[in-house]
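Protein chains: 2
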Amino acid sequence: MNTLNDPVLLTDLYELTMLQAYFDCGMNETATFELFVRSLPAQRNFLMAAGLDPVLDYLSDLEFNPGVLGLLKRTGRFSDPFLHSLESLRFTGSVHALPEGSVFFANEPVLRITAPLREAQLVESRVMNLIHYSTLAATKAARCTLAARGKSLLDFGLRRAHGSEAAMLSARSSYIAGFDGTATLLAGLRYEIPVFGTMAHSYVQAYDSEREAFAAFMRSQPDNATLLIDTYDTERAARIVVELAGHLAADGLAIRGVRLDSGDLAEHARRVRRILDEGGLAETTILASGNLDEWRLRDLVRSDAPIDSFGVGTRMNTSADAPYLDCAYKLTQYAGRPRRKRSEGKATLPGVKQIFRRYDAAGTIRSDVIALEDEPCSEVPLLQPVMRYGLRVRPTLSLNEVRQHARREMASLPEGLQELDPADPLPVETSATIRELARRLDHERELMRDDRGLE
Amino acid sequence: MNTLNDPVLLTDLYELTMLQAYFDCGMNETATFELFVRSLPAQRNFLMAAGLDPVLDYLSDLEFNPGVLGLLKRTGRFSDPFLHSLESLRFTGSVHALPEGSVFFANEPVLRITAPLREAQLVESRVMNLIHYSTLAATKAARCTLAARGKSLLDFGLRRAHGSEAAMLSARSSYIAGFDGTATLLAGLRYEIPVFGTMAHSYVQAYDSEREAFAAFMRSQPDNATLLIDTYDTERAARIVVELAGHLAADGLAIRGVRLDSGDLAEHARRVRRILDEGGLAETTILASGNLDEWRLRDLVRSDAPIDSFGVGTRMNTSADAPYLDCAYKLTQYAGRPRRKRSEGKATLPGVKQIFRRYDAAGTIRSDVIALEDEPCSEVPLLQPVMRYGLRVRPTLSLNEVRQHARREMASLPEGLQELDPADPLPVETSATIRELARRLDHERELMRDDRGLE
Numbered sequence: 467m468n469t470l471n472d473p474v475l476l477t478d479l480y481e482l483t484m485l486q487a488y489f490d491c492g493m494n495e496t497a498t499f500e501l502f503v504r505s506l507p508a509q510r511n512f513l514m515a516a517g518l519d520p521v522l523d524y525l526s527d528l529e530f531n532p533g534v535l536g537l538l539k540r541t542g543r544f545s546d547p548f549l550h551s552l553e554s555l556r557f558t559g560s561v562h563a564l565p566e567g568s569v570f571f572a573n574e575p576v577l578r579i580t581a582p583l584r585e586a587q588l589v590e591s592r593v594m595n596l597i598h599y600s601t602l603a604a605t606k607a608a609r610c611t612l613a614a615r616g617k618s619l620l621d622f623g624l625r626r627a628h629g630s631e632a633a634m635l636s637a638r639s640s641y642i643a644g645f646d647g648t649a650t651l652l653a654g655l656r657y658e659i660p661v662f663g664t665m666a667h668s669y670v671q672a673y674d675s676e677r678e679a680f681a682a683f684m685r686s687q688p689d690n691a692t693l694l695i696d697t698y699d700t701e702r703a704a705r706i707v708v709e710l711a712g713h714l715a716a717d718g719l720a721i722r723g724v725r726l727d728s729g730d731l732a733e734h735a736r737r738v739r740r741i742l743d744e745g746g747l748a749e750t751t752i753l754a755s756g757n758l759d760e761w762r763l764r765d766l767v768r769s770d771a772p773i774d775s776f777g778v779g780t781r782m783n784t785s786a787d788a789p790y791l792d793c794a795y796k797l798t799q800y801a802g803r804p805r806r807k808r809s810e811g812k813a814t815l816p817g818v819k820q821i822f823r824r825y826d827a828a829g830t831i832r833s834d835v836i837a838l839e840d841e842p843c844s845e846v847p848l849l850q851p852v853m854r855y856g857l858r859v860r861p862t863l864s865l866n867e868v869r870q871h872a873r874r875e876m877a878s879l880p881e882g883l884q885e886l887d888p889a890d891p892l893p894v895e896t897s898a899t900i901r902e903l904a905r906r907l908d909h910e911r912e913l914m915r916d917d918r919g920l921e
Numbered sequence: 467m468n469t470l471n472d473p474v475l476l477t478d479l480y481e482l483t484m485l486q487a488y489f490d491c492g493m494n495e496t497a498t499f500e501l502f503v504r505s506l507p508a509q510r511n512f513l514m515a516a517g518l519d520p521v522l523d524y525l526s527d528l529e530f531n532p533g534v535l536g537l538l539k540r541t542g543r544f545s546d547p548f549l550h551s552l553e554s555l556r557f558t559g560s561v562h563a564l565p566e567g568s569v570f571f572a573n574e575p576v577l578r579i580t581a582p583l584r585e586a587q588l589v590e591s592r593v594m595n596l597i598h599y600s601t602l603a604a605t606k607a608a609r610c611t612l613a614a615r616g617k618s619l620l621d622f623g624l625r626r627a628h629g630s631e632a633a634m635l636s637a638r639s640s641y642i643a644g645f646d647g648t649a650t651l652l653a654g655l656r657y658e659i660p661v662f663g664t665m666a667h668s669y670v671q672a673y674d675s676e677r678e679a680f681a682a683f684m685r686s687q688p689d690n691a692t693l694l695i696d697t698y699d700t701e702r703a704a705r706i707v708v709e710l711a712g713h714l715a716a717d718g719l720a721i722r723g724v725r726l727d728s729g730d731l732a733e734h735a736r737r738v739r740r741i742l743d744e745g746g747l748a749e750t751t752i753l754a755s756g757n758l759d760e761w762r763l764r765d766l767v768r769s770d771a772p773i774d775s776f777g778v779g780t781r782m783n784t785s786a787d788a789p790y791l792d793c794a795y796k797l798t799q800y801a802g803r804p805r806r807k808r809s810e811g812k813a814t815l816p817g818v819k820q821i822f823r824r825y826d827a828a829g830t831i832r833s834d835v836i837a838l839e840d841e842p843c844s845e846v847p848l849l850q851p852v853m854r855y856g857l858r859v860r861p862t863l864s865l866n867e868v869r870q871h872a873r874r875e876m877a878s879l880p881e882g883l884q885e886l887d888p889a890d891p892l893p894v895e896t897s898a899t900i901r902e903l904a905r906r907l908d909h910e911r912e913l914m915r916d917d918r919g920l921e
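Chains as they are written, first to last, in the working numbering: chain A, 467 to 921; chain B, 467 to 921.
Take these hints with a grain of salt, some might be off.
It does not matter which identical chain is meant; a pair holds if it fits inside one copy or across any two.
Cross-link-like lysine to aspartate or glutamate pairs, in silico, DMTMM-like; alpha carbons within 25 Å at most [what the hints assert, rightly or not]: (1) Lys812 x Asp787; (2) Lys617 x Glu839; (3) Lys617 x Glu733; (4) Lys812 x Asp699; (5) Lys812 x Glu733; (6) Lys812 x Asp717; (7) Lys539 x Asp759; (8) Lys539 x Asp646; (9) Lys539 x Asp826; (10) Lys812 x Glu678; (11) Lys539 x Glu553.
In case anyone wonders, no lab produced these hints; they're calculated from the structure.
Can you make the complete structure from the sequences, with help from the hints?
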């Protein structure tokens with residue numbers, strides 16, 4: 467691998483300077499870090515966990531090869547003994563996490579890493595980068611799935627995704643959250659997601675006439691053709707499709723679908739549906755695209771527009787109305803002692819934690835409790851062990867299994883939280899033990915203040 | 467390279483199915499595509515072009531190796547003769563573009579590709595993906611630079627960037643737009659951008675006391691230490707810094723800076739500045755971070771808060787208030803004939819175009835004209851040839867040269883457009899020739915309607 471592509475260097479510089487300091491102090495006791503989201507964006511009633519499998523790949527592959535160590539040496543920031551120590555560094559810790567596709571809420575740890583301090587610290591930047599974006603996209607896509615009420619959704623978002631990895635991870639996250647496929651070829655191949663495609667306006671424009679463009683495409687892709695009919699005049703193009711279908715029928719070919727990409731999609735869909743039906747093309751489906759998000763999907767579905775599937779891109783994979791989550795990866799225990807920070811507005815809860823979830827008889831989520839891992843609790847613990855001694859402890863779920871889990875999770879949300887509009891939040895309680903622990907730590911810190919006498 | 471990482475597959479499926487259709491028709495005449503942004507987000511007075519150099523790398527490296535062709539064959543969607551034709555496909559066309567760091571406006575082509583149809587079509591998805599995001603991030607960062615009025619800005623955004631490439635490209639774009647460096651180590655190394663780092667709260671928490679944490683870091687990174695002082699109580703920590711500095715002075719060590727990351731940054735900065743100054747640490751700088759964007763930067767700078775530099779992350783690299791641009795890559799000429807689409811609300815202008823810019827005597831931009839490339843015009847043409855026959859035609863500018871260009875570009879904006887608040891847009895005119903050409907094409911299309919007799 468080109469050293470300047472090595473993911474071990476995809477980190478904030480400070481992770482490595484902190485590691486140098488830990489090394490110089492001989493500090494490498496066991497640390498626990500938890501990744502959580504401090505608060506939900508106003509437009510989100512739940513979050514959907516995603517990105518775990520890419521994180522486990524990253525942790526499994528973590529190492530500093532000689533090329534990387536040479537680069538680090540040339541920065542002049544690190545000592546030779548420290549760089550030497552990195553040669554043998556691997557991730558040897560354990561990971562507990564919410565299964566991908568799970569729903570979760572503010573302050574709940576979605577991922578927990580327990581490892582020697584240097585390992586757990588080093589991975590902070592990239593672990594957050596993978597979980598944050600994957601979760602952001604899965605959550606937005608889940609809202610689209612809920613709004614679409616069973617209609618088919620496709621990821622059309624490569625061109626305006628924030629770079630290549632956002633395109634890949636959002637194809638993956640949206641598939642988990644219920645999309646039926648992606649237009650991004652590499653994502654389809656890598657993650658084994660169904661790949662869909664239609665045609666571009668430029669394709670239609672390159673021909674002297676739409677009929678010629680459509681006919682050529684049908685000859686070339688007879689089984690997979692969705693013809694784009696809004697380049698010049700949508701209804702006219704629909705009539706051309708009908709006329710062309712008559713000729714193709716002689717060869718046993720049928721036009722699978724047409725695509726609308728501009729104007730009033732519901733109104734065009736109604737007119738086009740009528741033209742297609744009257745032309746004997748009741749089986750030809752209508753796909754709509756163009757600036758769609760969960761709100762527009764909801765309106766189109768409610769309007770009973772005869773649209774069979776939707777291409778959703780930019781607004782899903784940029785999570786346009788809430789393009790980031792207020793996530794954090796914080797030390798909660800070191801060397802057996804619980805830790806917390808108390809920064810204004812950003813205080814954290816100490817101790818190694820678990821989420822316990824209560825369901826009602828119908829299987830609907832009723833409330834969550836954030837408690838210490840070993841507190842006795844009769845409810846269902848959500849964080850599962852996924853890595854121990856740096857090795858995966860359970861077989862990786864297929865993406866289709868994750869997708870089924872996500873569907874069950876969405877169905878288990880209380881009704882209000884399945885809606886797009888802001889609803890009363892799920893009751894999430896912090897256990898009395900954690901609160902008492904936080905108070906005790908604050909008190910101890912007051913007693914141990916290291917600035918006494920400085921005032 | 468692992469085939470499932472090959473950038474040639476990072477494309478929408480439809481690019482390849484369209485190529486199959488073009489191949490079947492024998493269509494491969496010269497095509498011109500233009501990339502432009504249809505309209506500016508309400509919160510943007512200008513856009514800053516970026517992403518060109520990554521695009522030229524992509525075009526230079528474009529090829530289908532045997533592993534990739536094997537994967538495509540297994541999809542069952544492509545004919546053997548077509549796949550065989552891809553073996554020798556390379557990008558052989560020409561590219562004209564705005565230099566990176568240039569300011570531009572709605573409907574102006576930022577990049578123009580002229581190449582055999584299949585090549586120009588194939589690259590659509592990835593070219594847009596690179597230019598769109600790089601430009602989005604550069605534009606947001608440029609607004610931060612303008613708001614910071616000369617104060618130093620650092621990219622702190624890896625953790626919440628949308629995946630790895632967004633982190634890399636936004637480090638690059640923000641450096642172009644005037645940031646002084648990045649915390650993302652790999653971006654610093656790859657693009658030769660200065661790399662900065664401080665420390666995490668977890669670092670402070672891992673020690674039993676702040677003083678111990680700070681002292682250890684100073685021993686380990688004596689020349690580069692910026693101590694994070696808001697983990698427990700900001701002003702108390704500032705006093706610890708003063709006290710520690712007294713001890714360090716004996717060893718000739720000075721504490722370079724402190725960092726604030728929570729609470730009222732202006733108020734904390736004033737109090738901390740006073741504590742540091744009274745403690746003889748007038749040279750110790752204050753860095754502030756935490757949910758910063760151009761608006762908060764403007765307020766902090768206007769308030770005269772004694773902050774020397776700012777770490778800006780999430781809101782810059784997600785372009786949080788406008789996380790995408792309405793960009794398009796459209797066919798404007800094929801086989802020597804101008805083309806346009808007329809989709810509702812998305813009509814495009816035909817012909818091979820150039821931007822001509824008029825400046826006043828003081829060097830301030832006064833207006834732009836979008837005209838055909840060969841229209842006589844006395845103003846300055848902005849699109850420059852950067853690739854011909856698939857080869858770069860000019861030496862690549864260093865990132866520092868691009869950054870200087872960007873600074874001149876921002877300075878050449880009319881005053882109102884340098885402000886954060888929405889201003890009257892720059893007058894951008896479309897030449898009479900293009901408008902006449904569009905009318906003529908529409909008229910010809912009416913005469914040639916291929917659905918005549920179908921109604």
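- Message: Need the list of violated hint numbers for this structure, in ascending order.
- Response: The structure breaks hints 2, 6, 7 and 9; every other hint is satisfied.
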